[in-house]
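K.L.:
Line by line, the protein sequences are chains A and B. Per the numbering used here, the first sequence starts with residue 1, numbered consecutively. Per the numbering used here, the second sequence starts with residue 1, numbered consecutively.
No lab work stands behind these hints: they were computed from the structure. Wrong hints could be hidden among the right ones.
Taking CB as the label site, the calculated pair distances span [what the hints assert, rightly or not]:
#	chain 1	residue 1	chain 2	residue 2	range
1	B	PHE83	A	LYS81	14 to 24 Å
2	B	MET92	A	ARG99	44 to 54 Å
3	A	LYS110	B	GLN37	50 to 60 Å
This structure is a prediction, so every number in the text was calculated from the model and none was measured. For every residue, glycine included, the Cβ atom is placed at its ideal position computed from N, Cα and C.
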Amino acid sequence: MLQKNHEYNPPPARGAALSSQTVVLAKEAVAGSETAFNSLVDLFQEDIFRMAYYRTLSRMDAEDITQNVFIKAFKNISGLKSPEQFKSWLFSIALNQVRDFYRKKYLLTKLGISGKGGDHEEDYAAEDAPDPLNNLMRQDFWKHVGLFLDKLPRMESEVFTLRFMNHLGIREISNILKKNESTVKTHLYRALGKFRKESTMRQFLTEEKTL
Amino acid sequence: MNYGKDNHLNENQFTLAAVDKTELSTEARKHLSECPQCREHMESMERELTLFGSMAEDFAPQQRKRAFRYVKPHNAGGWIWRFRTATGAATMVALAVTLIWWSPLSRTTPEVVTGVTFQESDQLMADIDTLVDNALPPIHVYISGESGPEFDEEFMEFVVPVINNNTPTYNSGIKGEVLC
Chain A
1 MLQKNHEYNP PPARGAALSS QTVVLAKEAV AGSETAFNSL VDLFQEDIFR MAYYRTLSRM
61 DAEDITQNVF IKAFKNISGL KSPEQFKSWL FSIALNQVRD FYRKKYLLTK LGISGKGGDH
121 EEDYAAEDAP DPLNNLMRQD FWKHVGLFLD KLPRMESEVF TLRFMNHLGI REISNILKKN
181 ESTVKTHLYR ALGKFRKEST MRQFLTEEKT L
Chain B
1 MNYGKDNHLN ENQFTLAAVD KTELSTEARK HLSECPQCRE HMESMERELT LFGSMAEDFA
61 PQQRKRAFRY VKPHNAGGWI WRFRTATGAA TMVALAVTLI WWSPLSRTTP EVVTGVTFQE
121 SDQLMADIDT LVDNALPPIH VYISGESGPE FDEEFMEFVV PVINNNTPTY NSGIKGEVLC
């Protein structure tokens, strides 16, 4: 039975300690410990939510995807062969969920029964952006990010997002995308080269730095 | 490639270093560690990417709906508890059925026919007959004079005489009419 979590403990800081903690918890979860699985949910739900948000730019969709990711993870955790790769495994589930989301959305759009979607501005509530200037900057930032990522080929965009927005390592990305590390590096190199040439985005970042 | 004082890393090498420093050649790596200008450039690039990542994090909305957690279903106990629960439920159902069966609301009693009821019915029928004969209320009957004894048939004949064929009519004198 899955119930809503009302008590939320923020995840500890990233790093080696977190990594070793994750491995221990993943091993326990694979062995059947529900408590360990719940701790893993607490540790990674923010990361998964952000990962989904970066790809959907909709809070509600990202929340739904996050929920589905953990439900799917719970159902399949006993089949995880390498608990050391729990994070990569979780992100690969998330990536598949995002793909499913877009597939469904595409089908619904084709059938003409899709609701309002794609406009993420509705997600910004007053408590998220009490400052109008901040809200404007937020919108501007996501507009620039969207424009830049749209220019990139799918794999370059995926690798760039995972590396610089989700803060994943090359090895983790290669595990998630099931590509070898040199392929990941090549895509990342190309994407980064394009990012360096993206004057509007870099200008935006420079302005932000000076503020 | 010789990395002297004036021979710094190019943009591609900086990009490669940002992806993975180990991808740089040994010479380039050595130059990067020794040249303050290249190091500054590299650090600036890394700061920019870190800023980009942190801005993405800051500008993402807060998660409102927390992810679901597994909650072990509460084990209600062994077979004894289940037996007790089932027995209790069955008893309650039996009790409810019995109460409904014997409830006064659920039982219909036959109506007692008394002499008073008959009298009331006769009275009602008499009233209906009266209304059929004359639907006017008594006051209207009085006004109309229908109830007066003096207005008998003779009086009515006087008021509205019976037309006789032998009596002269308004057609008298018309050509073709025979006068008596």
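K.L.:
Starting from the hint 14 to 24 Å, judge whether the C-beta atoms of PHE83(B) and LYS81(A) obey it.
P.N.:
Given about 44 Å between the Cβ atoms, the range is violated.
K.L.:
Looking only at beta-carbon atoms, does the pair LYS110(A), GLN37(B) fall within the given range of 50 to 60 Å?
P.N.:
55 Å, holds
K.L.:
So does MET92(B) sit 44 to 54 Å from ARG99(A), Cβ to Cβ?
P.N.:
This hint holds: roughly 52 Å between Cβ atoms.
Hint 1 alone, counting from the list given before, is not met by this structure.
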